[in-house]
Each structure stands twice: as C-alpha cells, then as structure tokens.
Amino acid sequence: MRANARASTGRPPRLLILAGAVTAAVALIPLLYLVVRAGQAGWPRIVAVLARPRTLETIGTSVALAATVVLACLVVGVPAAWLIAQARLPLTGMWVVLLALPLAVPSYVAAYTWIAQFPAMHGFWAAALILTLVSFPYVLLPVTAALRTSDPALEEMARTLGDGPVRAFARATLPQVWPAAAGGALLVALYVLADFGAVALLRVDAFTRVIYSSYRASFDRVTATVLALVLVALAAALVAAERRVRGQHLRWRVAGGAQRAAMPTDLSPRARAGAVGALAALSLLALGLPLTSLTLRMIEGSRSPLQPAELVSAAAASLGTASAGAVLAVALALPVAILAGRYRTPGVRWVETLSFSGHALPGVVVGLSLVFLSLSVAPFAYQTIALLSFAYAVLFLPKAIGVIRGATEAVPQVLENTARTLGRGPLRAWAATTLRLTLPGIAAAGLMVALTAMKELPATLMLRPTGLDTLATELWTRTEVAAYGSAAPYAITLVALAAVPAWLLGRELGQDRSPRGVRR
Amino acid sequence: MTAVTIRGLTAGYDRTPVLNGVDLDIPDGELTAVLGASGSGKTTLLRVLAGFLTPRRGTVRFGDRTVVSTGGTDAAEEVLEPPERRRVGIVPQEGALFPHLSVAANVGFGLPRGSGPRIDEVLRLVGMADRAHARPQELSGGQQQRVALARALAPRPDVLLLDEPFGSLDAALRVRLRAEVTELLRSVGSTAVLVTHDQEEALSTADHVAVMRDGRVVQMGTPREVYESPADLEVARFVGDVVELPAAAGPTQAAVVCALGEVTVPGRTTGRFPEPAVVVLRPEQVVLRGRVAPEDRPSAAGTGVVRDAAYFGHDSLLRIELADGSRIPVRVPGGGPLPRPGDRVALGVLGPGRLFPA
Chain A
669 MRANARASTG
679 RPPRLLILAG
689 AVTAAVALIP
699 LLYLVVRAGQ
709 AGWPRIVAVL
719 ARPRTLETIG
729 TSVALAATVV
739 LACLVVGVPA
749 AWLIAQARLP
759 LTGMWVVLLA
769 LPLAVPSYVA
779 AYTWIAQFPA
789 MHGFWAAALI
799 LTLVSFPYVL
809 LPVTAALRTS
819 DPALEEMART
829 LGDGPVRAFA
839 RATLPQVWPA
849 AAGGALLVAL
859 YVLADFGAVA
869 LLRVDAFTRV
879 IYSSYRASFD
889 RVTATVLALV
899 LVALAAALVA
909 AERRVRGQHL
919 RWRVAGGAQR
929 AAMPTDLSPR
939 ARAGAVGALA
949 ALSLLALGLP
959 LTSLTLRMIE
969 GSRSPLQPAE
979 LVSAAAASLG
989 TASAGAVLAV
999 ALALPVAILA
1009 GRYRTPGVRW
1019 VETLSFSGHA
1029 LPGVVVGLSL
1039 VFLSLSVAPF
1049 AYQTIALLSF
1059 AYAVLFLPKA
1069 IGVIRGATEA
1079 VPQVLENTAR
1089 TLGRGPLRAW
1099 AATTLRLTLP
1109 GIAAAGLMVA
1119 LTAMKELPAT
1129 LMLRPTGLDT
1139 LATELWTRTE
1149 VAAYGSAAPY
1159 AITLVALAAV
1169 PAWLLGRELG
1179 QDRSPRGVRR
Chain B
2 MTAVTIRGLT
12 AGYDRTPVLN
22 GVDLDIPDGE
32 LTAVLGASGS
42 GKTTLLRVLA
52 GFLTPRRGTV
62 RFGDRTVVST
72 GGTDAAEEVL
82 EPPERRRVGI
92 VPQEGALFPH
102 LSVAANVGFG
112 LPRGSGPRID
122 EVLRLVGMAD
132 RAHARPQELS
142 GGQQQRVALA
152 RALAPRPDVL
162 LLDEPFGSLD
172 AALRVRLRAE
182 VTELLRSVGS
192 TAVLVTHDQE
202 EALSTADHVA
212 VMRDGRVVQM
222 GTPREVYESP
232 ADLEVARFVG
242 DVVELPAAAG
252 PTQAAVVCAL
262 GEVTVPGRTT
272 GRFPEPAVVV
282 LRPEQVVLRG
292 RVAPEDRPSA
302 AGTGVVRDAA
312 YFGHDSLLRI
322 ELADGSRIPV
332 RVPGGGPLPR
342 PGDRVALGVL
352 GPGRLFPA
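Protein chains in written order, with this note's numbering: chain A, 669 to 1188; chain B, 2 to 359.
Honestly, the hints are just simulated from the structure, not real lab data.
Please note that a few of the clues may not be correct.
Anything over 12 Å on all C-beta distances counts as not near chain A; from chain B, calculated [stated by the list, open to error]: (1) Asp65; (2) Gly96; (3) Leu98; (4) Leu162; (5) Arg217; (6) Gly336.
Facing chain A, a subset of chain B residues (Cβ under 8 Å, in silico) [said to hold, decoys possible]: (7) Val80; (8) Leu81; (9) Glu85; (10) Pro93; (11) Ala294.
In this text, a Cβ means the ideal position worked out from N, Cα and C, and glycines have one as well.
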C-alpha cells in the first residue's frame, strides 16, 4: 500500500523524532493528569465511586443510549445508502449532499432547535432521536461509498445460484459493505458517548452530563475524575475497534482486474415514490425541522431587540480562540504527520498512536483535566485563552495529523530525491518539494480544526476566561434560560460555519456516480 | 431436454440497442462457443440468458421451459423468470468468488444446508479438494477459476454459461485449463455456452461456434464449417488468417481464376458471377511447389517472390508477392526447405476456395 510515497529513506531525522515525541507527550497531558489525580485519591475511593449505584446507572444510561443510537443509525443509514448508491432515483447527487449536511449541525444546536419547537422534549428517547438525526451520516456516507465500489458480479452470482433479490443482497453485497457499516457504527457510538450538548440540554444523566455536574458541584472531584477515566476507557475501546475494522476492509478483495460498474436498480413506480418519500422525510427531520425552527425563532427574536454587537463579539471570540487552537494544533501535528507520512519505524508508530489519544478524549474530559491541572500546578493559566487554545489543540490534533499526513503521502518521495540529486541539502530539498506541495493540505487542516473548535461546547464552558462569550456558550446559556429567540442568531451562525466541511464531503461523494464504462 | 432456443432477441442498455434480433439454437449437452469481437453483443446475450438484463423483445427457451418471452403482441404471455429460477450456472471473467467465504462455502453457496458430500465431489472434479478451507484471496487466478466452475456446477444447472473465463490467465495456463475444462464439461454432459473473442479458443474447444456481429448471429456451425466455409468475407477474416485474391470467372461454373491460377469454388452452380469478386483461401491451402529460376516465366500465374519469412519452429509464415503485386501469407510446415527472401517460388492450391463479392 502506498508503496511509492512511503519509500522510507531509512531512519527519520533525530530532530523530527524529538519534535514528534514532544507532540505525543503534550497530547497525553490531560489523560496522564487524570490518572495522577485518581492515583492520589487511592484505590479505596476509586472502588467506592465505581461501586456506587449512581455510577452503574450512568454507565448503563450511556451504553444504552449509544446502543440505541447506533442501531437506529444502521436501520436508517444502510437502506438510505442503498437507495442513493444503487437505485435509480431522481436527483441522486442532491440526496447525498442533503443527507451529509446533518453532520454539520452540532448536537446542542439540533437539541436547541427541537426544544425551541417542542419545549416539553427531554429524556432518553428525545436524546436518542436527536443524536440519531445528527450522526446517521457517519453510517450513511461510508456505506454509500462502499456500495458504489462493491462488485456487482457477486450479487449476480448469488442470483444464479438460487437466491432471490433480497437474499442475494444480504449474502453477497452486505458482507462487502459490512466493514464500512461497522466502522461508521463505531464512530456513532464514540460520538454519542462523547456528546455533551444534547444530553445536557435534554437532561439525560449520561457520563458527560454527570461529569460536568459533579465538577460544578466542586466538592466531588474524585467522582468526576473516576467517571472521566471510565468514559475514556470506553471511548478508547471503540477507537481501537474502529481501527481494526478499518484495517479489515482492505483485505476483502479477491485479486481481479477491471470491475464492471453496477447498473442502477430500477424500482417500481410505487417503490420509487416510497423511496423518494422516505429520503425526503429523513432530510426534513434532520435538516428541515432544525432550519424551520431556527427561522421561526429568528422571526420571534427580532421582536425583542437583537444585539448585533453581542453577536459580533461572540463570533470574534469564537474565531480568535478557534484560530489560536488551530495554529497550535497544526504546529504540533506537523512533525507527527511528516513522520507518519514518510517513515514506518516502530518509534514513529508509537508517536502517531499516542498523538491520536485526543480522538478518544471527550471535550468534557479534556476540560476537566485542564481545569484541575491549571488550578493545582499553574494557577496563572486557569481560565486563560492560552489554556483554552491548548485544549482545542489537544482535542483536534488527530484531525490535523490525519489531513496533513494524507497530503504528505500524496507527494511522491521521488520528487524530494530528485531535488537532492539536483544539489539541494535534505532540508532545502524537503522545503522545495514536499513542504511546498503539502501547504494546501496544511491550510486545510488548520481550517478543519478551527471550524470544529468553534463548535466545541463543554471544554469551552469549563476553560473560557470569565466574561468571554463564544457563539457556542452564548447559545448554551440562552437555551438554558429558555431564551430561544435570542439564541437563534448564534445557532444560525454556527450551522453556517460548520456546513462548509460537510458540504464539501457530500459533494465529493455525489459526483463519483459515473460508472467506469459499462461493458457489454 | 435442455437445448436453448433463442428467437428474435432484441436488447440493449438505455437507448442503445446491442442485440438486434438474435436467433440461435444451442444444442443439448454440447459446448457452443459464441464468438465475436468486443461490442458484438456476446456478453449482452449471456446476460440476457442469465436473467441479469431484461430484453426488449424476443423469447428464450431452456428445453421446453420458456424463461423469457417479452415484447410480443399478447401481454398475457409475458414471461420473465428471475435469475434464481432459471437453473443456470455462470463462470464469470474474474471468477467473482465471494471474498468473505472459504472455497467450500463458495461452492456450497447455491446448495441446501448439509451438502458437504456434493461440495467435496465437485471440488474433486476440478482438482481443488485440498483447498476447501482456503480463502479466495489465497488462490492463484487459475485456481480461482476452478473454484468458480465448481460453484457453478454444484447445483447441477441446466445450462452453464462461461463468460470469457480464461481471459485473465497467462497463455500457458489458459491452454491447459481450457483443455481440462472442456474435457470436464463433456464428462458432465451439460449444455454449455462459452462466450469468447478468441477464435482459436472457440475453434479448439467448442462443438459448435456461433459467430456474432453487430448484435446478430451471422453464422452457426461446427468449428470446421465456420473455418472452412465462412458465411461471408468478414466471418472469414474474423475466424482466421485469409488469403484474399481478386477473382474472375473461370472456364467452368465451379472454378475461378486468380493470381494463383485456377481455384475451384464449390456450391456456385447458378446465378450471376459477382463482379468484382474475391476468392478466399486459408494460408495453409497455398503450398510451395519448389523454387523456379528468376527469369523463368516472370509473370506467370502460380509463381511469386518471397518478401519475408517469420520462423516459428513448428511452421513458418512467408509473405509472398504474386505477379499482380498482391502479397499473401503462406504457411510452410517446419522441417522442410525454407526459401529465403528474394527467392522466386512456384505455388499450388490445395482444396477449394470460397468466392465472395468484394
């Protein structure tokens, strides 16, 4: 795989390894500090917290919520993916984009729009519904992509061997897309476990809400710490499982040459109408309702005086802190991404894996750890923009590494080698070729991190300087006091900012419909 | 029993027709090759037979079972059996083995539970009994095709469809597997249709060859008939190398005159002589009658000058320029004397030629 770009020229430079190790260490700080805190509390207290019925209840609630949402996402996402990928429907490209966009709606914004419309909504099932509507694209998009590349000959073989259409799909095609669906399902589970906004607004006592409230009730720090560590353990297990499933995907193709593109399936007129109706209903629930609710609240809110100055200052605060976090994240990500993109030694692998730990750290956990850490080690840093940016950098470091690493790998090593033979030293050769060609990727990574950081709620709530209000926190505080109208502008701004990456993703998937030549 | 009868079959993708009224009778229990260039519609025909593609018009019968009848005047007689009820087996180009199943599970895919003995039996038949637990990814291309064949044969299909099954294999393996598979199919006695663009494959393996062109079957016959008595000039060119020479009417109805002298053409008893016309021979029908001195009968019919020679060991292919300037390929068996470029040779013709309008 990627053999040409990965032509590792032996040992990585020592300075680069050192920089990568620093990144890995920085990424581990929040987790390590929580472990230290738990260690200070001692085993008896940890066991006591774990044995408390309330703890078990919290674990039960979170796991049940994650399982419910995963199941719902599979039930919604796989059939919808099939319709988009393999049925002949009007406006296929449009459906992909529409159904990718819910990814852009932060869970607390979705929860806010539903509560603003139906103020009585709360509890487990409400949270399950809303989390399903924002996270089903995690299943839909990879399964759509897998169905598009699946080999149609296998399903045909199953048909000639005696299977009806449904059985043939289940026995021949589903196994091909199963790794994609499983990977998506694990991402959904991770999303649900880490989610704070929706469960908090809908008053479901899942991990994140319980951790947050025990931190607010500051007398009980051990409980918060222990719960945070249990949450991290669960999330880490999901991340590890997701990586394994993703690895499997590659092994599952029998060697073979050109593969015929699938002919879209013709549905009966009634089935077609039903399919379009179902996709439209899904888009309405996931996008239409939030947008309608936002618009209505906007109109209501305009009756009470809108304060543009507040909105602008909140947007500026979001932009400022998120950009600072993005710059830091990219700076930390660069050495790791270059190492991972160019060298494959055990040391590099360790640095990369450790730097990805933020992937398994929910915002609540990073927020909690950094609050404790700053208070006990560096009180001057507590509630500063610097610490908040640091939290963003740790949380979104994996995103930055992923994007930059991909860009590095796309640059053939041979360019760098050619520059060397033309008389440049290693560093100048690297700068003139790989770095030069990776720059767009680095910029994209920064943009991704900044856009994601603007949506981050719990870490911002816990770490922001007193008096600093961002778009996310403004939306949160206004929703908490049921000031739905005045919250609307903040929600709309957030959705608009977050839509950019989701729109790009959906458009990419919507385009590659063209078959690679139908063979006769 | 399960002869395949195809009548008036028209089919295509979207609006482009690919089959334009195919009529074909595939005999029971024998191997029939459907031979055609790419784009001739042979794979489309196979997809219609399997049930993957709905034709616009036409009927297909397996024995006395109608599996397709569509586009007729009587809507009540519309028949379209789904693939799973046709009892066909397919061996596709790349095998298309299920990547998530073992070899044995692939072969057992179309069998009811508890068919272990049958799985063993067909795996033994294709010589893959020792790899029953392997994954398809661990097999070579040839082994994958054997398993694909076993999978198709396992449910005892009425008709076996082979879609260029040897195309992806290297040359030596292709020849060997081809011979093995033909022998196996004969021993099983199933009706088989082999789709191929390789005329050598079609001639050497099949009992019957159907030549397709532009969505039609232009000739159906034994390999010998198709090669020796092609239906038209294009078929003649497609199924093998040809010697094409302008021809004029000869002294009798059964002979024409060309740069090689007089050539007999059977079957032309009545009708006008086509003008202009070509007579078509196979390169092995032209034989060397020895060298002649350069000045001897310089422009007489039946002599030519060797322009180049390609030596293949078992035979050699000469290109010879005839008196009228046309150049023809001549196959000379190995071992005998081999003229060199520039030599003038006398040529004779073995057997009859075929006469076509040019």
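### Query
Hint numbers the structure violates, sorted upward?
2, 3, 4, 7, 8, 11
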